[in-house]
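So the protein sequences, as listed, match chains E and Z.
Going by my numbering, the first sequence opens with residue 7, and the numbers climb by one from there.
Going by my numbering, the second sequence opens with residue 7, and the numbers climb by one from there.
Derived by calculation from the structure, the hints in this document are not laboratory data.
Certain hints may be false.
[Said to hold, decoys possible] Here are the in silico distance ranges between beta carbons for each label pair:
(1) Z/181 to E/32: 40 to 50 Å
(2) E/209 to Z/311: 26 to 36 Å
(3) E/275 to Z/21: 27 to 37 Å
(4) E/102 to Z/253: 56 to 66 Å
(5) E/94 to Z/290: 33 to 43 Å
(6) E/102 to Z/311: 35 to 45 Å
(7) E/209 to Z/221: 44 to 54 Å
Idealized CB from N, CA, C, for every residue including glycine.
Number of protein chains: 2
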Amino acid sequence: MTRTLAIGPYNDAEKQGLATAFDPVFLDHPGAIAGLDAQHRDLVTTVAYKGHSAFGAAEMGHLPQLGLVANYGVGYDSIDVATATARGVKVTNTPDVLNDDVADLAVAMLIMQAREMERASRWARSGKWAERGEYRLTRKVSGGRVGIVGLGRIGRDIAERLAAFKMEVHYWSRTEKDTPGWTYHPDPVALAGRVDYLVVALVGGPETEAFVSRDVIQALGPHGILVNISRGSTVEEAALLEALETGRIAGAALDVFCNEPKIDPRFYALDNVVIQPHTGSGTVETRAAMAKLQRDNIGAFLAGAPLMTPVN
Amino acid sequence: MTRTLAIGPYNDAEKQGLATAFDPVFLDHPGAIAGLDAQHRDLVTTVAYKGHSAFGAAEMGHLPQLGLVANYGVGYDSIDVATATARGVKVTNTPDVLNDDVADLAVAMLIMQAREMERASRWARSGKWAERGEYRLTRKVSGGRVGIVGLGRIGRDIAERLAAFKMEVHYWSRTEKDTPGWTYHPDPVALAGRVDYLVVALVGGPETEAFVSRDVIQALGPHGILVNISRGSTVEEAALLEALETGRIAGAALDVFCNEPKIDPRFYALDNVVIQPHTGSGTVETRAAMAKLQRDNIGAFLAGAPLMTPVN
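Chain E on its own, in the form it takes in the complex (with noise of 0.2 Å):
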């Protein structure tokens, strides 16, 4: 019997490669370890993680053996990794290759929602460009001032793409940070309120839950525009709604979102908010390069190898 399991919703490319290398048996979630039968369970070194159901003590009190949870993707927040290391269990994850994609996709959502790209996209497609003449003016995004909330690999690889289209960079970070002429604000309120875009790129987890408050968003301001690629979790989302529906700010573009797959509807009602279902890593090459990261570490750790990303 294989000492690998792999959770989660792994596309076929994964499984193959998963399948290939380990041979483990695959499980739709993590509640179904508890169904495995118990001599099963003793064997059990490794898991390949994937998803954002939560991971924590339950789980890995049902794998004594259990040495490695090599997590499928950067932000980690689904496994309980006090717990792991409390009991010996070494966790990874996939960062950096997978930054790339992520600050694509928030560059993108800045100047959709700015530019306002969909609702042109409706215009010229409705017919109305050629009944009813030029789309309205929108708001010109390079030279603005953007705020990064968390400078970690990701929000610095977007700042160095904001930087290009000649805005002025400032950021929130627990430290400050060696950048290039970039502005550091020790308090978020302050950050938003010196910028027209809030770019958000903080880790999960609760030590961030909510850290983009009320204040912060209320600090935004009628033009601000807020970015988040992170987890849903780092925003306070019912503030966020309400400035939405109100104008207390211009707008938002989002990749994430608390209960996601099952969004707030109330999203769906706003028409300043550009909305995608977390696809910040969602290519074929990068989802590759992360599938093969975690791999190499389950390999590392099988070979009693130094592990290629440990968290803990």
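Using the hints, position chain Z against chain E.
Just chain Z now, kept in the frame of chain E:
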């Protein structure tokens, strides 16, 4: 009676600006010139021009004292400059002030098409995300190869932005330019064969008519995406439509079309095209800057001072 005619679809702010400065007579269309009485036409020295209707020998012939056609827009292909020059009429345009907006839109359209952002938005908003799961994987943009056709000011601004996406930049231009490591291709077909994305940033007019020919489109190939923010006339539209309909190229992102705004309805049936209603320069900030530059050219002309941005 005023010496100035303002011809074209000006918005309220633009009309106000022109009225305050020059108290012109406003005409919706150059065809209305002939309807002015001869005494008035004989006084006109200056035309503030906007729009895509032809302004040529017939129109100039109605205005014997005409000395300036000040175009609103960088592209002045609607104006017969050769005839203007022969008649001693100066032509001005509004270069540079719109480069940023056009480049911003080009980059966002490229990413929107590659990452299928409009379709993914519909996937989320229709509830399919909740019912059927993740949107399908798309293609990575960063690190790809882009070819710019026409490396003028706007083409260069697009290339500089895309370089920040770690893209390999290739270009065609009438002559090789001094560029930071970008690759020059004297043959547009060879250029199209080398790249994943082809961005058209040519000037309009008869010299570039269908420059992006059937052969260029064919060379771009089934993985290729065409972006056009220049003029519809620069692309052989019949060949483009065929290639999009048959999958001989992967997709297109178009801000300009032949016969716009009454564009070919075959475009509406395609889901591999991002359509924008010629909004390249369509922001409040940039249109105000264009209007000001047009007024500054007229003011200079009327004062006998050097023109700001002469074309001939």
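Here is how each hint holds up against the structure:
| no. | hint | result |
| --- | --- | --- |
| 1 | Z/181 to E/32: 40 to 50 Å | violated, 59 Å |
| 2 | E/209 to Z/311: 26 to 36 Å | violated, 59 Å |
| 3 | E/275 to Z/21: 27 to 37 Å | holds, 36 Å |
| 4 | E/102 to Z/253: 56 to 66 Å | violated, 34 Å |
| 5 | E/94 to Z/290: 33 to 43 Å | violated, 60 Å |
| 6 | E/102 to Z/311: 35 to 45 Å | violated, 57 Å |
| 7 | E/209 to Z/221: 44 to 54 Å | holds, 50 Å |
When the structure is compared with the earlier hints, violations turn up for hints 1, 2, 4, 5, 6 and for no others.
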